[in-house]
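Chains as they are written, first to last, in this note's numbering: chain A, 1 to 326; chain B, 1001 to 1326; chain C, 2001 to 2326; chain D, 3001 to 3100; chain E, 4001 to 4100; chain F, 5001 to 5100.
Treat the hints with care, since some could be wrong.
To be verified - Label pairs and their computed distance ranges (CB to CB):
id	chain 1	residue 1	chain 2	residue 2	range
1	A	Leu227	E	Lys4022	18 to 26 Å
2	D	Arg3077	F	Ala5043	45 to 53 Å
3	B	Arg1008	E	Gly4045	33 to 41 Å
4	A	Thr168	C	Gly2234	32 to 40 Å
It is worth saying that the hints were derived from the structure and are not from the lab.
Note that this is a predicted model, so its numbers are computed, not measured.
From the three backbone atoms N, C-alpha and C, an ideal C-beta is built for every residue, glycine too.
So the chains spell out like this:
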Amino acid sequence: MDLFDALRANLLSPVVLFFVMGILAAVLKSDLKFPEALYVTLTIYLLTAIGFKGGVAVSEAGLGQVWLPSLAAMLLGTVIPLWTYPVLRVLGRLSVPNAAALAGHYGSVSAVTFIAATNYLKGVGQPYESYAAAFLAVMESPAIIVGVLLGKLGAGDRSDALGSSVRTALHEALLGRSVFLLVGALAVGVLSGQRGMAGVEAFFVTPFQGVLALFLLEMGTVAGRRLGDLRKVGPFLLAFGILAPLVHGFLGVALGHAAGLSPGGATLLGVLSASASYIAAPAAMRLSLPDANPTLYLTSSLAITFPFNITVGIPIYYAAARWWQV
Amino acid sequence: MDLFDALRANLLSPVVLFFVMGILAAVLKSDLKFPEALYVTLTIYLLTAIGFKGGVAVSEAGLGQVWLPSLAAMLLGTVIPLWTYPVLRVLGRLSVPNAAALAGHYGSVSAVTFIAATNYLKGVGQPYESYAAAFLAVMESPAIIVGVLLGKLGAGDRSDALGSSVRTALHEALLGRSVFLLVGALAVGVLSGQRGMAGVEAFFVTPFQGVLALFLLEMGTVAGRRLGDLRKVGPFLLAFGILAPLVHGFLGVALGHAAGLSPGGATLLGVLSASASYIAAPAAMRLSLPDANPTLYLTSSLAITFPFNITVGIPIYYAAARWWQV
Amino acid sequence: MDLFDALRANLLSPVVLFFVMGILAAVLKSDLKFPEALYVTLTIYLLTAIGFKGGVAVSEAGLGQVWLPSLAAMLLGTVIPLWTYPVLRVLGRLSVPNAAALAGHYGSVSAVTFIAATNYLKGVGQPYESYAAAFLAVMESPAIIVGVLLGKLGAGDRSDALGSSVRTALHEALLGRSVFLLVGALAVGVLSGQRGMAGVEAFFVTPFQGVLALFLLEMGTVAGRRLGDLRKVGPFLLAFGILAPLVHGFLGVALGHAAGLSPGGATLLGVLSASASYIAAPAAMRLSLPDANPTLYLTSSLAITFPFNITVGIPIYYAAARWWQV
Amino acid sequence: MQTHPMKQVTIIGEALAREHLKKLLREVGAHGYTLFEVEGAGAQGERSGDIQEFGNVQVEVIVQPGMATEILERLQRDFFPRFAMIAFTSDIEVLRREKF
Amino acid sequence: MQTHPMKQVTIIGEALAREHLKKLLREVGAHGYTLFEVEGAGAQGERSGDIQEFGNVQVEVIVQPGMATEILERLQRDFFPRFAMIAFTSDIEVLRREKF
Amino acid sequence: MQTHPMKQVTIIGEALAREHLKKLLREVGAHGYTLFEVEGAGAQGERSGDIQEFGNVQVEVIVQPGMATEILERLQRDFFPRFAMIAFTSDIEVLRREKF
Ligand SMILES: Nc1ncnc2c1ncn2[C@@H]1O[C@H](COP(=O)(O)O)[C@@H](O)[C@H]1O
Ligand SMILES: Nc1ncnc2c1ncn2[C@@H]1O[C@H](COP(=O)(O)O)[C@@H](O)[C@H]1O
Ligand SMILES: Nc1ncnc2c1ncn2[C@@H]1O[C@H](COP(=O)(O)O)[C@@H](O)[C@H]1O
Ligand code: NA
Ligand code: NA
Ligand code: NA
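Work out the full structure, taking the sequences as your base and the hints as a guide.
Here's what the structure looks like:
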């Protein structure tokens, strides 16, 4: 399947079409609005399900097989901010806190983008290492910490203030809802294994794709409502929000390949590397880098990079992973 | 199966029994109360699912087969208010806005009643045109516009004010949550087709009937809480709330038959024609015909016609559709 | 399978592991918090599903088979407070209202514990009388009434005041959300029977265990947040919260055996007898025995007895039921 | 714009008191009320909103000064001893005094 | 701590008026607003929150006294005849007067 | 009916500040608080409640005048620079002054 088919398969999948429908709802000012409780519920479900499935997969594959690619993923997340930061500072002429915050966002990951990618691979019948959720779990936090450190050191903070805000960031990054659910469910999956899966599969696995479609309908409205802010972020961030994921995506695919992952697994590592956090990172940055402007990082991660990855990014990284292999 | 069996099959189905249980909860003043977020969630799920399924069915059947009965449905919705209005004015001695608002409600449709009917047909093993959801989509709005026009013209409104309130009604009717979800999901279904259905069937189709049962439990409490208002609407509306659906039901069945629908499809068109809107129409009327009294249209559509159709109406229209065929 | 395996099977099941994860979330002060609407939704689903399934089972088994064990269950619930009360008064030196309220809690039942037990039996492949949900339905209320009576008589209330507060308790106990949902769904199940089950099984049965796992994740956070109150209740209630369920559990198992239940059914009766109410009873007691201290009965039922039963209690009662049989 | 002085009585207390509070307001003859769920903490500990039964409700009712006093007296007598609850009044200016 | 007197305008009415109220506040030039869903009862009967469309919203807006009067007048004229609604003002003290 | 004058401090700001606000209230020694989620708009744009993390909370705390000033000073210093937030005080009359 060439890039065109890969794109077509994605753009005509219910998940992506519902996402577009959500964007339309926001743009057309329809009064479609999901209750907050539903948003939280869907997040809890998706994170728990993906973590649990991943944990069961880890228990099947054995840590011996999982640790290397996981370590690679973690490193990737940690280093991405290190070059993203100078780029944003120099080319983007962004202030220290803004550059640091954005760097943290792009090093961290978007769980929903990852889930959409697994869903895409299922759709095109491409197998992948189902323990890949472990990559997701280990990639979310480190970049956030690095981002905060860059911001503090760049501002030449006195070490004590530094310590406290890194502690805040650590707390947010490790005990924040998303990370906690993901890691916790992973542990549950590892401990209960295939035997435990049998009982709950009908809830955590079977309806999963449909729930994702519904969730992306909502995410469409959320992203759509921010499209208005595109004017505010200027041309540089517009370009960055699309080029950064492409660069990071190919890098992730390459690294995944090097770490011995299948094309499916390499695609997922590419997607993780290309995705930008829009929940955990903003929360941590608001608290640890209060001088950074939320409009900048939220708009670029949520209104530019997220839709780009969901619609065309994923198939591109997949095509890259397959091209690489041959 | 004769009318008696048809009724029995309906009244002993979980969906209807849960509905009755909900009415009891309200009447017995049990503290059973669904959180608003759950109500919204169930609505979103049911509308998205029915729209998506319908869209896939349309993509299977092809527009060539769908357009004629859909047009018939649309016409039906548009003309029903035209005779309902004078009846309400003359026999019911209702004011212009009240008569116009009610006419709009009974020309429009209740998605839940339609869904309950598809569920009933499944239960009795009666096949039906699964693209019928398209009828639902095209019947909701026109009658609302007609109703508003009747109210404005009847009040001899100056054209500009007329224009503005028709515009409000149009916005409500076309971008209101229910219509938008239904039409949007239909489009998604048409575009992704059977291939897309495969992935999300386990969420949008398999558990559908059970979700409907839960939703009708809630709708029972909602309708039950309004039973107290029956005193307020007087004997005429009581009779109207039961006779109008019967007349419109038979008419819909007949028209469906004429449009070449199967007995199942004719039943559904009859149900749509018989049902009265209690969400989209009230919302539009509150804004466009503020002088109409909400107690009148909400009580008759929600506390009289809706329970009547759910319990005995649906089987009656089905019996009619079968009788017609032979 | 010996006690150790029985325990192991329970402690490594997703349901229990998610419960522990929830406790951890609360203890580690993660910001994981379920929206109230989700809590209510999950309760409604679980109670409706268990009631409906039970009702269908009753319609299959026939009342002739159900009435005797149900009566036994009801009696058990009624008498448990009668000895619990003096124990709490004399050994625990608790005030009349506190002792009476606690007695009512431990005579009544926890639906979630029951559901977790059915789930456990499924997990270990142990069949049980699936109409056992009827026991749950008849055991919730009587003990609450008895508890209120004990409190009022113990306080030497004037009969009229007595009457009114018993009436309040009756209303709470019979029309409270949980009892109403359970009994109502049971009735729906009895009336619609196996035929009705076919349509809604995919929603009320198939995903049930997974939903339970998610719900116990939340219940873990709820229970975990109350662990801090353990200091407040003193050593006596700590011991009581663990010994009472053990004693009542064995008693229930024995009675179930005598009433001719299978080991599975006897286990469930034991679990019901061992469990303590933490929703219906507290609500009723707050209103009918306002002088009783909520911290005492909520902490012992929710923070001690509930976790004890969920983790180790259930397998113990099961082992007892199997040991008894041979 | 002719406005009229009124009293707003705000009652915050455990959700279990909900129906009892509505009953009280009916009895004293208040013309209406507004109610929503809140979480909070006070002398009787933290009341988080995760379990409805354990949460709080906030009730706002606008009445003539005389009725405000009556409501407070009833709360003092029948509710404060039984429920985790606070109540207070504030001065407001309403339109259409006849509504209250 | 230098505080400044301001008016808080509170509007409670049916959810359908939501967007119209936001529009009104934009038109009069309020710098912000706060909004949440409530249930309630009044002359136009009970409005429980189970169906969003049938529920109420409470809108709080902090403005200069002059703007408060303007808002009330607009409500009186355009909203009270059409929607189940009440409105009232209360005196508050804010920080950073320039925000309002 | 003996009532006592108190200050109600109302804080409306982004949900992320939630725990920090609770901490502040503990530090100044407030006896309680009431909290609920709201949506709103202000200088820092619209904050709709669809994503908890992007929404607002409204915190109401009843305290002695002295403590009210202390809370406002802390908000001014530590919160206003970091969070989208407003705060104001109003005069109320409570029962059982000892509770506050
Ligand atoms: N000082 C206070 N300020 C604001 N709300 C309070 C205060 N004290 C108590 N509350 C509210 O009133 C409820 C019951 O208070 P209490 O009876 O003191 O536990 C608490 O859960 C809070 O929601
Ligand atoms: N006296 C009152 N006190 C508090 N809220 C009120 C009062 N009267 C009306 N309301 C609120 O305003 C809404 C509309 O009032 P009404 O137009 O009188 O039905 C009601 O649903 C209540 O939420
Ligand atoms: N003038 C106002 N009236 C009522 N609420 C306001 C006002 N200004 C701001 N707010 C609330 O305070 C939050 C933060 O305000 P801001 O920091 O100005 O964005 C807003 O989201 C609103 O909920
Ligand atoms: Na990334
Ligand atoms: Na109709
Ligand atoms: Na018990």
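Need the list of violated hint numbers for this structure, in ascending order. Of the numbered hints, all hold.
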